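> Each chain is listed here by its residues.
There are 2 protein chains.
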Amino acid sequence: MSWPQGPLDFPIACPLPLRDYPEIVMAHGAGGAMTLELIEKMILPVLTNDALAENHDGAVMDFRAKRLAFTTDSYVIHPLEFPGGNIGRLAVCGTVNDLAMCGARPQHLSLGLIIEEGLPTPTLWRIIQSIGQTCRAAQVQVVTGDTKVVDRGKGDGLFINMSGVGAVVSSRPISPKRIKVGDAVLLSGDIGRHGIAVLSAREGIGFETAVSTDCAPLHNIALALLEAGLDIHCMRDLTRGGLASALVELTMASGNGIDICEAAIPVSNGVRGACELLGLDPLYIANEGRFAIILPAAQASSALEILRRFPAAQQSCQIGEVVKRDGGLILETIVGSRRQLDLLSAEHLPRIC
Amino acid sequence: MSWPQGPLDFPIACPLPLRDYPEIVMAHGAGGAMTLELIEKMILPVLTNDALAENHDGAVMDFRAKRLAFTTDSYVIHPLEFPGGNIGRLAVCGTVNDLAMCGARPQHLSLGLIIEEGLPTPTLWRIIQSIGQTCRAAQVQVVTGDTKVVDRGKGDGLFINMSGVGAVVSSRPISPKRIKVGDAVLLSGDIGRHGIAVLSAREGIGFETAVSTDCAPLHNIALALLEAGLDIHCMRDLTRGGLASALVELTMASGNGIDICEAAIPVSNGVRGACELLGLDPLYIANEGRFAIILPAAQASSALEILRRFPAAQQSCQIGEVVKRDGGLILETIVGSRRQLDLLSAEHLPRIC
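Taken in sequence, the protein lines are chains A and B.
Quick note on this note's numbering: the first sequence kicks off at 1 and runs consecutively.
Quick note on this note's numbering: the second sequence kicks off at 1 and runs consecutively.
There could be a bad hint or two in this list.
Claimed, not checked - Coverage of chain B stretches by chain A, computed from C-beta distances (three or more under 8 Å per stretch; other residues unrestricted):
1) 13–24
2) 93–101
3) 108–114
4) 152–165
5) 298–306
Stated by the list, open to error - Once the Cα atoms are required to be at most 30 Å apart in a straight line, the calculated DSS-like pairs of lysine-lysine come out as:
6) K154/A x K41/B
7) K41/A x K324/B
8) K154/B x K41/A
9) K177/A x K41/B
Because the hints were derived from the structure by calculation, they are not lab data.
Computed from a predicted structure; not experimentally measured.
Cβ atoms here follow ideal geometry from the backbone N, Cα and C, with glycine treated the same way.
Whole structure, please, built from the sequences with the hints as guidance.
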């Protein structure tokens, strides 16, 4: 089953001879003629650029900055396609966002495919097109890659690893260690949509209000904050473990406490309804297009003004502040009680990214 | 079963409480407290460095060069451990070697783990120790990483993705496009050991002469050639598909032919015996510590003199030359006939790297 994923800007017909190869077979990963055919017909035309076309063991690019940001993530999301996106779009957004959170402009990406024998070739083709489209929208390029195929039953359709490099544009470090008592904690939008979208696709649950992933590249938003000269102390995207886990990690790394206010945290009706139905807490649900910003309180309103210029951050708001306390994240609930939020000790929603 | 892998320079006792977690469970990948415990107890102490200790979404490093090399590979080798190495040592060597083949000094690595639920914790610990040890020997650092766990039956023990970046030291491009008629083709040592070692471990075959992988970092050898001022036109490590596939790809990319001489190509007795027994061609067997060098014929003897200073390249020799012909790799056999070598159309030895 495939979900609406927005228009694809590339011809949809799969360029591999589908009559011969309706599914990926082991030989597509053996490094011989069939691997070459897969790469030359399905990957290079979509992700075309000079570095990739060299078809060497690695890519060589000019690099004009003194500080380099470098990140990696493996994507093992199940199912591969879900409302509003797929594993390919997720990989590009996740990588670009991790670089943005380092204060860097994302530039070059790598693409490592681990394909399970039997993956339908048209599924792979849709995913590669999404990667190409998301790269073009985010103005980044896949410059190097690798394709492996594993036996049926030894994988799960497709795993993607994506690494990325970029030039750091922030002159001051962006690090949990710079978080100070009195700093404002901002959130770039409503939470929980990615996790609920994936869950609905996985379990075939139809919620009253359909929920699409929030998956989106955030670097233009983050760079706008930096280019405005704001003294961002720390940024963190709210992926696996959601808002609560990200903020708990920041309290641990910074040695300060954070207080947040439940009433200030935007949650869509669709996510709220799904969470109530399933007994889940939206604070712990994964997002792929939301981030927290920690900066001096005096700069909060300027930051919010910039954030709200971007469609993906229109619901930005201040949700809390950094307080003098030896670590710990406290939620002031809508009924006025105070609840300590911890890292989850075990799995909540596995394989959400 | 674990194979001799040389001494480990790190204490062997696994730091996770094995009574509680003899195997990796899904929660180790859920992004919560158990993921943190796995990373803090098993990974950070072995791969320790400042960038990794930041524990951020990515790493930020100083970078002092104008050209950046960037590479990625996923390692899906089966079995995870084999004579002379394991998937961890393989990942570091493979990544370092791909950067070296671009004329770069390897510097920073990423480590993406995709663990199948049920992987014995001590196996993971041995592999992580190997990664640390190989990094120290190769003078590179893992600066960023990611850990995912997939359900039992949806993976195969462990897949590793490793990407790497490095500063390009070669002032002239190293590319198949610079290959010229008359160039010498050098080989850095005997071929086929990695593939045969993995095959013997996988099938439980004991050959007359035990064969260990040739897996080794090659960057110091490659950099020595460049630093001596030799005009290397192209270098290629001889991994998946072996010597023959690598050279066929170079003929395709350069538009020239290559002639090689079977009698000149070193093959150990162990590899030769195993290949005869199994009906395999050593020219197509994967290596993880061998590379081909293509450079002006007048510089071949200087290059060989430098190569032979390194233990891993003592058997270096010239095996052929670039000839005026519209592509194609021709082997002059030991009986004097000429045989055209092509890319294999299907799998030979799958999951060898």
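> Compare the structure with each hint and give your call.
Hints, verified against the model:
Remark: the segment 13–24 of chain B is not confirmed as covered by chain A, as 0 of its residues place a Cβ nearer than 8 Å to a Cβ of that chain, below the required three. Counting residues of the segment 93–101 of chain B whose beta carbon lies closer than 8 Å to any beta carbon of chain A gives 4, which meets the minimum of three for the stated coverage. Coverage of the segment 108–114 of chain B by chain A holds [criterion: at least 3 residues with CB-CB distance below 8 Å; count 6]. Counting residues of the segment 152–165 of chain B whose CB lies closer than 8 Å to any CB of chain A gives 9, so the stated coverage by that chain holds, three being the minimum.
For the segment 298–306 of chain B, the proposed coverage by chain A is not satisfied: 0 residues have a C-beta within less than 8 Å of a C-beta in that chain, short of the threshold of three. Between K154/A and K41/B the alpha-carbon distance is near 28 Å, which keeps this suggested pair within the 30 Å criterion. Taken as a hint, the K41/A and K324/B pair is honoured in the structure, with Cα atoms around 29 Å apart against an allowance of 30 Å. Between the alpha carbons of K154/B and K41/A the distance comes to roughly 28 Å, so the proposed pair stays at or under 30 Å and holds.
Of the supplied pair hints, the one linking K177/A and K41/B holds, its CA atoms being roughly 22 Å apart against a limit of 30 Å.
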